[in-house]
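Please arrange chain B on chain A, whose structure you already have, making use of the hints.
Letter by letter, the chains look like this.
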Amino acid sequence: MRNSNQKVKQEYEGIKKRINEGVDPIDIGKKSTNLPGNKVLIKGAHGRYVVEIFGDQVNVLGMGARGNNRNMQTFQNLMNEMYGLNLQY
Amino acid sequence: MKIKEIKYLVPPTDLVNDCLDVFVILKDDYCTDEFSYLVEVATPQFLSALMGKFESDFLPPGYPYIIVSKLTDEIIRAAIQAFIDTEDDLYWLKLYHITPTLEIEDINEILFRKKQENIELEAKIDAEVEAESDLNH
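If you read the sequences in order, they're chains A and B.
Take 751 as the starting number for the first sequence in the numbering used here and just add one per residue.
Take 112 as the starting number for the second sequence in the numbering used here and just add one per residue.
Hints may contain errors.
In the EDC-like style, the derived pairs of lysine to aspartate or glutamate whose C-alpha atoms are separated by at most 20 Å in a straight line are [stated by the list, open to error]: (1) A:Lys-780 x B:Glu-151; (2) A:Lys-757 x B:Asp-217; (3) A:Lys-759 x B:Glu-216; (4) A:Lys-781 x B:Glu-214; (5) A:Lys-789 x B:Asp-125; (6) A:Lys-757 x B:Asp-125; (7) A:Lys-780 x B:Asp-125; (8) A:Lys-781 x B:Glu-166; (9) A:Lys-757 x B:Glu-216; (10) B:Lys-205 x B:Glu-216; (11) A:Lys-780 x B:Asp-168; (12) A:Lys-759 x B:Asp-196; (13) A:Lys-781 x B:Asp-168; (14) B:Lys-138 x B:Asp-196; (15) B:Lys-118 x B:Asp-217; (16) B:Lys-205 x B:Glu-116; (17) A:Lys-780 x A:Glu-761; (18) A:Lys-781 x B:Glu-243; (19) B:Lys-164 x A:Asp-777; (20) B:Lys-181 x B:Asp-139.
Derived from the structure by calculation, the hints contain no laboratory data.
If we strip away everything but chain A, and leave its shape as in the complex, we get (with noise of 0.2 Å):
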């Protein structure tokens, strides 16, 4: 049975086989934001992803479970704190 951590860890997966096979970051998702310091957050379906770009080098720095707002509330604020990306307005 499908659970909403089962979703986001499918939706992870194919991000990270679609980043490795040399998409753009921004590209993916229903709408990407760039975000500061080569810093992208991709909106999934059921996730969030912020992504870090190194030249050929994609590294996942975080995600966020839509369905889960413990897990969403608690992403912001680690975005925020760990990478300096002024995510609370």
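For chain B alone, coordinates are given in the frame of chain A:
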């Protein structure tokens, strides 16, 4: 109930063509440091662009959006306030917030509970109508 605070996961990059994750903090029993209401707000142009991106004549299945003309604080706040005020007990805000958290088991449970409630209600009404009809004869 008035909104205490709204926060964005990221601010909009384009006021008329974007979607945002919006955390809504209220002074109620649900909101804490770790929990707030979370809704997605989008513009019509974003939805149109989304169909273009997927080369489709319809939007792909997805969780519901609150639709606004422009992604300004003022309009987003007003829209969310309407979702709070229009029905009792924050009905629309809670509905949009809870949808992404529902598993298929939750949906099936609600579906069959509602089915049973409808059957019981119909039987109750039929019994009342029959009793009333007996009294009149």
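Which hints from the list above does the structure break, by number from lowest to highest? Violated hints: 4, 6, 12, 15, 18, 20; rest satisfied.
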